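I would like the entire structure built from these sequences, with the hints used as guidance.
If you want the building blocks of each chain, they are given just below.
2 protein chains.
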Amino acid sequence: MHQAVIATVDIVFLTIHNGRLGVALSKRDKEPFQGGDALPGGYIHAQEDRDCLDAAVRILHEKTGILPPYLEQLQTFAGAARDPRGWSVSVAYFALVHYRVIESAHHPDVAIFPVDALRRLPFDHNDIIATAVDRIRNKAQYSSLPCHLAGETFTLPKLQKVYEACLGEALNKVSFRRKMQELAVLEAVPGQMETEGAHRPAQLYRLKAEFKNGLKSLARGL
Amino acid sequence: MHQAVIATVDIVFLTIHNGRLGVALSKRDKEPFQGGDALPGGYIHAQEDRDCLDAAVRILHEKTGILPPYLEQLQTFAGAARDPRGWSVSVAYFALVHYRVIESAHHPDVAIFPVDALRRLPFDHNDIIATAVDRIRNKAQYSSLPCHLAGETFTLPKLQKVYEACLGEALNKVSFRRKMQELAVLEAVPGQMETEGAHRPAQLYRLKAEFKNGLKSLARGL
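If you read the sequences in order, they're chains A and B. Note that numbering that gives the first Met the number 0 has the first sequence beginning at 0, numbered continuously upward. Note that numbering that gives the first Met the number 0 has the second sequence beginning at 0, numbered continuously upward.
No lab work stands behind these hints, which were simulated from the structure alone. Possibly wrong hints are sitting among the right ones.
Given that identical chains are not distinguished, each listed pair holds provided it fits within a single copy or across any two copies.
[To be verified] Simulated pairs of lysine to aspartate or glutamate, EDC-like, Cα-Cα distance not exceeding 20 Å:
1) Lys215 / Asp133
2) Lys138 / Glu71
3) Lys138 / Glu193
4) Lys157 / Glu195
5) Lys26 / Glu195
As the structure is a prediction and not an experimental result, all values here were calculated from the model.
Quick look at the structure:
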């Protein structure tokens with residue numbers, strides 16, 4: 000038999016906080032790196048998990064108290080050097096939620112850090128986060144992915160800010176609205192308007208039910 | 000300690016044969032599915048492989064005799080049901096080469112099958128191949144990926160046929176050439192022309208050295 004390989008799952012759990020893309024890290028409760036902030040992660044439980052996505056959902060729930068509506072496989076990070084316990088395979092996923100979902104879970108060991116100002120994290124977690132941020136920046140160009148960061152209902156100006164936080168650049172309002180129309184993933188919430196400050200009331204939108212756990216892409220980007 | 004998880008690598012090894020996208024399968028020399036055609040694959044060797052890509056290169060070379068210039072991680076397929084030996088994680092890669100490279104390796108256990116007419120393969124290999132074909136179709140829209148299928152040198156009409164085989168549709172010659180110019184990954188081979196049939200001699204091109212192991216993408220697709 001071959002020398003055993005450690006099989007784990009790590010989740011890059013992203014949200015928008017204070018207008019910036021942030022990652023939820025969880026304090027490690029055991030060695031290695033005990034007490035350090037790291038990606039929520041853990042061993043695959045062969046007796047319990049049917050597949051990898053199953054393991055990711057279980058682990059994220061254990062470590063943060065949250066069942067995220069949108070999880071996507073990111074990439075697998077594997078090798079002899081990334082984990083002091085031995086040769087390891089980490090199947091990385093990313094999840095996206097509105098900040099209020101993390102806040103209302105009140106998990107004492109979870110904190111949010113801006114992705115563009117992270118200190119050195121355990122294992123290769125900085126690389127895994129950088130890969131997730133690249134993926135999201137890329138998909139924000141042409142898909143509905145960032146909508147999962149915008150909460151249950153949102154105005155179009157708020158959604159635009161979410162896209163801008165993902166892309167790291169300002170977008171033109173007119174072309175943003177045209178692209179959203181073209182994507183056709185949103186529906187107006189009947190009779191719901193939001194009034195904020197001196198602005199006139201703005202229509203609230205939500206993802207259509209069929210896109211709540213999914214994604215839609217445009218042939219041409221923003 | 001947790002129940003051990005099997006850690007393997009499988010490679011979807013693609014080429015163009017008779018104008019169609021094909022996958023190189025390798026006859027399995029042991030159980031399960033001994034004698035069946037399947038993706039070249041094998042266990043990660045923790046003592047030998049530094050990382051997953053290393054394992055993929057080693058395994059593909061052992062099973063086909065070929066060291067491919069372009070390998071990319073595809074996705075990880077994992078779960079309790081996909082391998083009769085137990086809970087398994089397969090990190091899948093895809094590789095692209097010109098048909099002549101496979102032909103000249105003369106490996107007795109390797110054969111090429113068109114991807115759109117595959118019978119039922121061992122494990123979840125049909126799913127893995129379908130995922131690879133989707134990825135290539137998608138990337139052929141906006142990147143230099145298919146160039147790795149075109150051989151060391153090629154004329155533009157031949158490269159267009161490679162793109163068309165990947166995309167499964169005919170392309171407009173003028174816009175194809177404009178997109179290739181925009182990608183700027185090709186260089187003319189000095190003094191080399193190809194004469195074929197009644198056509199006038201056509202310039203031969205090759206990938207610029209810096210793109211031989213890589214990829215370049217356009218902001219907007221073909």
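To see whether the hints hold, each was checked on the structure:
In this homomeric assembly, Lys215 and Asp133 come within 20 Å of each other (Cα to Cα) both inside a single copy, at 18 Å, and across copies, at 15 Å. Taking identical chains as interchangeable, the C-alpha atoms of Lys138 and Glu71 lie at most 20 Å apart whether they share a chain (12 Å) or sit on different chains (19 Å). In this assembly of identical chains, the alpha carbons of Lys138 and Glu193 never lie at most 20 Å apart, being 28 Å within a copy and 41 Å across copies at closest. For the identical chains of this complex, Lys157 and Glu195 are intra-copy neighbours only, at 11 Å inside a copy versus 59 Å across copies, given an alpha-carbon limit of 20 Å.
For a Cα distance limit of 20 Å, the shortest separation of Lys26 from Glu195 qualifies neither inside one copy, at 37 Å, nor across copies, at 66 Å.
In this structure, the earlier hints numbered 3, 5 are contradicted, and the remaining ones agree with it.
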